[in-house]
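Engineer: If you want the building blocks of each chain, they are given just below.
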Amino acid sequence: MPKEILIVDDDPDFVETMEIIMQGNGYETRTARNGEEAFKKVKEKTPDIILLDIMMKTKTDGIWVSEKIRSDDKLKKIPIIMITAVNQDSEMAKFHLGQEKDMEYMPVNVFMEKPIEAKDLLKEIKKLIGGP
Amino acid sequence: MEPKICNINDPECHLDRIRGWHGNLEANITTLIENLKNIREHSEEAKRACSEHYAKTVQLTKAKTRFTYEVSHELKAPLASVYNIINVILDGYLEKNVKRQKELLNRAKVRINDVIKLLNDLLMFSHLEEGTGEIEIEKIDTGKLLSSLTEEMDAFASENNIKIDWNLSDSIPPIYGNPELLRRAFINIIHNAIKYSNQGNKVKVTSKKDNNTFLLRVKDQGIGIRKKELPMIFDIFFRGENARPEHKKEGMGLGLSLVKRIINAHGGTIKVKSNLNKGTTVEVSFPVIQKKEK
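Top to bottom, those sequences are chains A and B.
Per the working numbering, residue 1 is the first one in the first sequence, and the count goes up by one each step.
Per the working numbering, residue 1 is the first one in the second sequence, and the count goes up by one each step.
In short, the hints are calculated from the structure, not lab data.
Hints should not be assumed to be uniformly reliable.
[Said to hold, decoys possible] Capping the alpha-carbon separation at 30 angstroms, the derived lysine-lysine pairs in DSBU-like fashion look like this:
id, chain 1, residue 1, chain 2, residue 2
1, B, Lys102, A, Lys123
2, A, Lys43, A, Lys123
3, B, Lys96, A, Lys126
4, A, Lys126, B, Lys76
5, A, Lys59, B, Lys47
6, A, Lys59, B, Lys109
7, B, Lys202, B, Lys273
8, B, Lys273, A, Lys59
9, B, Lys62, B, Lys273
10, A, Lys119, A, Lys45
[Stated by the list, open to error] Some chain A residues judged to face chain B by a derived CB distance under 7 angstroms, without partners named:
id, residue
11, Asp13
12, Thr17
13, Ile20
14, Gly24
15, Gly26
16, Val86
17, Pro107
18, Phe111
19, Lys114
20, Pro115
This one's a predicted model, so the numbers in the text were calculated from it and none came from an experiment.
Where is the CB? At the ideal position from N, CA and C, for every residue including glycine.
Just need the whole structure built from these sequences, with the hints factored in.
Structural biologist: Dropping the structure here:
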């Protein structure tokens, strides 16, 4: 059975193209448009890895999702790659988390900034879950 | 005044002189105290003005940082998607599916257009914000201007299963303004009313002459704006919680801030009243400018 990637982004074009790339490389995919939908889908069926956009403009953003997942004993080991549109997103995220915390404390495995090079992303995925 | 000369044997005269000095001294001290009070008041006023200025500068700097961040975000997100689309096609993922390639390329075109539109809006925004550039004005028949929008707006409304009730007065004296900018502002207000309505709702558009002003009122029965969010609706990139993408309301939060600046540049006012889940009313008014014909 191929491994499954959950792609979470509020930009439908980004989601669609990521699906094409991931399916083209042998992975199965599911998608979500916001944090709430993503968390619901993670609970329905555990994905092997999550590509999570930081989605600063949605009410339930990427940080919210990653915190929910990391505080759930059954889900906390799912690898998460956090994708940001602007590197400042992570700075903004710091405000969100509170000044005393730093990015190292963000509950994700890898940070990647858009635009994403497919080969770099595939390499990171392979490192985390060992290929499809 | 000549100093008073007293006879050495006239104590009353001397006492009078001393009383005179004393009186002057008292008056001088009173003046001095008054001056000191004034200085203190001025310095307190200066201190207040200084701290107000400081707070404003801090606020502006924060707003500027936020603005740069928002602009970068709004520009980079669509470009990242276009980048993905190009890569997917270049890397041959859709080699056997020309139809899907075309669909994606069309999406890329739309996204690039969005970026261009955003850049144009930003330019217009800063032009109006700084107030440096003069806007070209001409005599405008508001009745004609609004009638020219009805077809386009009705089409957009019916796509969203919404009906517009037009109540346009045809006896409004002309106003002076920039037709392109006003058209833009009116479209934006009506567009918003449709966008934030629920299917089956009505949007009522009324135009009339009210004393010496032209008044446009757009009333919807839509999702409304939270009371605490009302003061921020004209801030650039602000989007209310109800207007976020998960509610499938597209937009970047630039529209209303541009509308306000366009209206201000015409010496007009904009008022927004709203009840959450009941609807929003936007009222725009412009002075019917009394100006000699060229």
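Engineer: Which numbered conditions among the earlier hints are violated in the structure presented, ordered from lowest to highest?
Structural biologist: 5, 15, 17, 18
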